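K.L.:
The chain contents come next:
There are 2 protein chains.
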Amino acid sequence: MISKPFAASGSHSELEEGDRLTPRFDAAGLVTCIAVDAKDGAVLMLAHMNAEALALTIETGEAHYYSRSRGKLWKKGETSGHTQKVVELLVDCDQDAVLLKVEMGGTGAACHTGRRSCFYRRVPLKGAAADARLEFTGDTPRFDPAAIYGDAPHQH
Amino acid sequence: MISKPFAASGSHSELEEGDRLTPRFDAAGLVTCIAVDAKDGAVLMLAHMNAEALALTIETGEAHYYSRSRGKLWKKGETSGHTQKVVELLVDCDQDAVLLKVEMGGTGAACHTGRRSCFYRRVPLKGAAADARLEFTGDTPRFDPAAIYGDAPHQH
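Chains as they are written, first to last, in UniProt numbering: chain A, 1 to 156; chain B, 1 to 156.
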């Protein structure tokens, strides 16, 4: 599916200050990806991409990820309609993470639980960490996951 | 250093819909962490936390990470003064990622290259991914890393 593989990283300086895209995939062949809403910058989700998912995202402008639990490439929204049109794609200093600014399709819910964001619970600060009781932020589900995914709750 | 270990995850439903913090550390003992600016939501950096870094961050309200390259716990800003005071800490649906909303200390530069954000290069869309030429966003260095870190460019 990829027309051409990514080049290998050059020197430390080329990696951080150069203009070549040389992603540093981890031992599992993945980079980490943060998706934020292009409108207001809200963090929607964190996911992973293999080389094919990254190349397809760049080349099509539609977010593709690699599901670690299902072991396969996945176009965001292919099951649920919650697509992500990429407005801007950035790479970090050491090129092992990417940031997508996206326009959500469907109800605007990026999370498979039906919520806008996967980050819907707050951890209170300054208390004993192991005893923390999570507080819900009020980001309530916009769709019923069971109605869309059936018995496969981790599809998106 | 940790007063008490985190509890193990319960059922799938407890993990995603419950109010207990049961972080799912990966094989290396880490969760992924996104830090954003509490003022405007700009994504500053992506890093990792082991159980001790996560507990210290929650208990002190100051961001602590685990450096994979140096193999040790690290308080953000301990070398450079670019501390991160945590205003809000959120956990994601399957509890393997956290989101910090922070107030930056020092010059406001979160990246070890001296820039505000680690995401200072844009990948053009709709072209051949392997041939991409990165575009700098204009987030220019606020300090000289060599003057602070000397020969240890990956300290923060």
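Keep in mind that the hints were calculated from the coordinates and are not lab data.
None of these values were measured; they are calculated from a predicted model.
Be aware that a few hints might be false.
As the list makes no split between identical chains, a pair holds if one copy fits it or if it spans any two.
Unchecked claim - Below, simulated DSS-like cross-link-like pairs (lysine-lysine); rule was C-alpha separation at most 25 Å, straight line:
(1) K4 x K75
(2) K4 x K39
(3) K72 x K85
(4) K75 x K39
(5) K72 x K39
(6) K4 x K72
K.L.:
Does each hint hold? Answer for all of them.
P.N.:
Consistency of the hints with the structure:
1. K4 x K75: Classified as within; 20 Å inside a copy, 40 Å across copies.
2. K4 x K39: neither (33 Å within a copy, 41 Å between copies)
3. K72 x K85: within (20 Å within a copy, 38 Å between copies)
4. K75 x K39: For K75 and K39, the Cα distance is within 25 Å only inside one copy (21 Å; across copies 32 Å).
5. K72 x K39: neither (29 Å within a copy, 37 Å between copies)
6. K4 x K72: Answer is within; shortest intra-copy Cα gap is 20 Å, inter-copy 37 Å.
In summary, the structure is inconsistent with hints 2 and 5 from the numbered list given earlier, while agreeing with the others.
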